[in-house]
Amino acid sequence: MGVLNGRSRRFVKQALIYLCLTVGAFVMIFPLLWMFSTSFKTPWEIYDVNILPQSFQLSNYEHLLKNTGFLRWLWVSSVVVICTTASVLVFDSLVGYTLAKLQFRGKNIIFMAILATLMVPTEMLIIPWYIMSVDMGLRDTYLGIMFPGMITAFGIFLTKQFYEGVPNDLLDAARIDGLNEVGVYARIALPQVKPALSALIIFNFLGNWNAYLWPLIVAQSPHMRTIPVGISFFSNEVTTAWHLIMTASSCAIVPVLVVFVIFQKHIIKGVQLSGLKG
Amino acid sequence: MRRGKRLTLRQQQEVWAYAFLGIPLLFFAFIRFYPALSAFNISLRDWSLLTTAKPFVGLQNYRDIFADEVFWKALKNTFTYALLGVPLQLIIGLSVALLLHNIKHWVPFFRALYFVPYVTSVVAVAWVWRFMYQPHIGIINRFLLDLGFEQIQFLRNPSTALYSILAMIIWHGVGFQIVLFLAGLQMIPDMYYEAAQIDGANSWQIFFRITLPLLNPTIVFVVVMSSIRYLQVFSEVMNMSNEGLGGPLNSTISTVLHIYRTAFHRFDMGRASAMTVVLFAIVLVITIIQMKLVTRKYEF
Amino acid sequence: MKKRIFVLAFAAVLLLAMAAPSMAEVTIEYWQYYYESKVKLIDELIPVFEAQNPGIKVKHITFPYDAFNEQVAAAVAAGEGPDVLNIFYGWLPMYLKQGFLQPLPEKYFTVEQIEERFIPMVNAVKVDGQYWALPTAVRSLALFYNVDHFAEEGFTEPPKTWDELLEMAIKLTRRTDRGALVRQGYGWNVTGQDWHLFREVLLRQWGVAPLSEDNRTVTMNSDPAAYEVLEWWIDWSRKYGVGEEEGRGLYRDSFLAGRASMIVDGSFGIGTISANPNLKWAVAELPVKEIGGEKSNFGSFWAHAITRNATGEKLDAAAKFLEFITSDEVQRTWLERVGELPASRALAQDPALSEDPVYGPFVRGLEYSHATFFVDETIERELIVEAVDKILLLDAPVKDTLDQLVNDLQKVRDEYFNSLEK
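Protein chains in written order, with the working numbering: chain A, 1 to 278; chain B, 1 to 300; chain C, 1 to 422.
Check before you lean on any hint, since a few could be wrong.
[Claimed, not checked] One side only, chain C facing chain B, incomplete, derived with CB under 10 Å:
1. Val76
2. Met94
3. Pro103
4. Tyr368
5. Arg381
6. Glu386
[What the hints assert, rightly or not] From the derived model, a few chain A residues whose C-beta atoms are all more than 10 Å from chain C:
7. Leu16
8. Cys20
9. Leu32
10. Ser37
11. Leu58
12. Ile82
13. Lys101
14. Ile176
15. Asn180
16. Ile201
17. Leu213
18. Met224
19. Ile262
FYI, nobody ran anything at the bench for these hints, they're computed from the structure.
The beta-carbon is built from N, C-alpha and C at its ideal position, and this holds for glycine as well.
Looking at chain A on its own, in the form it has when it is part of the complex (with noise of 0.2 Å):
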């Protein structure tokens, strides 16, 4: 027999809901608070089974700063990062539309084919890739690194399934009043999807983001790294620098988590089908 009235149980629900919450968030960060706590070590400290450093040193930063690249990573990074999710908002939406809502023979077999390009792990792919840049002089430049990502399977995925919700009814109602279909994809069907183009901005941007081989192997040259590549300068045949590679990650998380942020906002409520009756 309950004693509780409807508004504490509601309470209790929420409570236990953020006790959920709260304890399965401490699992997921601590591993990632040793990380950061380990940028503030020393190196010889790196290892002392004590989580706080013994003196919060802030060298580890400053010469990451200040001695490596790391700023001109961060640039690279950037740039590769923002066109190639640019390029996949653009082409990846329009595909899985297409696979969504269209009608035309021959859907199936692109979709699968399409898919497939999944299944083939990127790094046999490196080589003629790297055959491809050299032929086309797009070694040490923007574009190479970039041109792998800029349509992706993934992404054409992701969106059709979400465009496979979006009722056909508002499409031909949209039809019906005329606009052709770019019109219908683009003022009509892109609108209804805005959590899918929000998961694919994240995840492209991270995917990308965290590339490691491919820029390695395309970029030679100092200037044209990505923070992977550039934290991989860090092990040599004799010793790893850890707490470099700490520090630079920890730096290197906060560009992603900031537009995490920014777009987990835009995964916002669906949309209202008010006055749209079958």
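Dock chains B and C against the given chain A, drawing on the hints supplied.
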């Protein structure tokens, strides 16, 4: 309808569709299909990366890899990673997303906390996890010792190494599921929930009859992408295992790691390509099966 | 008037004729992985070389160590790549087998000259009677020990025999009452330097040569003493608990953090170890089996090889560059700036060097160092690590495992030499 010179609506749509698909398909043809096909071609040849000679050897590479016990071990490991990782990440991701969907305060903060691991580079994350797993100085073992238990050689023991790495992979990747499920949940219009509540449905019924079905497109996406990722697991294993060998004693090696080492440490592109083809076929079949099994269309 | 024009024209032609040869420039590419002090030094030396050799330009390309093979492979696949490649000597046979390298041109380097000038260890890059690369500097192993820890136990001298080392290590080891190893008496490992220690030091001192003279046969199990010493060495960790394999170079980190009292490390560790101001450490020559017994050490080096890309004028340029960077002068500077030991006999025998408290033990070790002739260092290392892991983790019997290991290593070696003969 008489077929005149003007295209039917259906045909018009087709034209538009091909127009939209033109550039992307061309792009894929160059960037993905062609290199993949050349990889298939190489699988029939003997090619060492440092030479230019690529003599044709037929199916020899395939015979070699099927006789290689490391290849089978890697395949077995890869399936273990996938069979455990995909469902676990799915359940954890969905649960957390549901919780996050239902709170009103501090929402971005919590979401960020759950997403941050996914954002961090694998190299850094692997170092922290390896350190946490260390016997004697790692925090987990110190904890165990304090509680009076024996230490566990998480990464040095062939029976526990794979699961230890798997824990890290799940931890690292669950942000992906969470963000996607959140996006999917946001697409469900409130009015369905309102209608259900008016009808007197309880939470479980709402979940199974409304939320889950409407989340289906998202679930399909998550399952398929997650499976593909797990079947191609590579950098986590490379960064977590000693020297990136997939050890100890091949207990953690994954197929892509084996492919990578074959290509770039033994310079044997022929074999590496053959393994790539085999993996491709496996992933393709699994994906097709998944799409058929999991996809459900719902009309409301 | 006509005469003047004639003279001017003649002068112009003369000038052009003199200018023409210096307009032809050869550019060679020198590749090495990024190691800060080495890269900086090479960057400073290149202008010196170019000034001495007008008409030759050297392009210096670096890349991270972790991506060594990937970088070279991608470049080769695209038809480019280095003319001179700095490569670990143990990988050279692999690259050689693929036809990627060419032997050093006789015009610049004869075998006699090389063997006169360089320490014997360098013959690890002599294949089929020809030299394929030359090092600027070499490394060897020595025993690092923590002076403070020693003082705690009242030790004043580093151990001279392995028995002594084990005894001292046992006393130096510290555990919590729960059994956590907080200080290793000896930073035992497989994936660090100890696999070299076992092969080239312990085995030899116990009378077992790891390879035959012609490098074709693996002889690691040619005597029962091999099984004994393998088991004994593994028991340092397994039975006596003086240390544990921690993975990935952690043996040095443990030493740095004061969590290991002794480690066997290469001279390349000096830089990192000396960076910790709080650590009081010293170096000693490697112990022996018994006083007066055979001394042995493992040496290794990174060498500059000429690739098949260097043809015609580039080959001459590459050879000249090689001459330059392996000259005694450069080796001396290298020692100061990079901390690697000189590869030339004359310099290695310099008394100032062998008396040095830090470099001394390493340099003296060079006299009796062996650089194992690997046919594929990566694979051979994997096999050995696996074998030791099997014994440690799966309790596999020592004799069978070593025998199996020798078989596996022999297969790799046979494959290699067979493919060379084709």
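Q. What hint numbers does the structure not satisfy?
A. 3, 4 and 17
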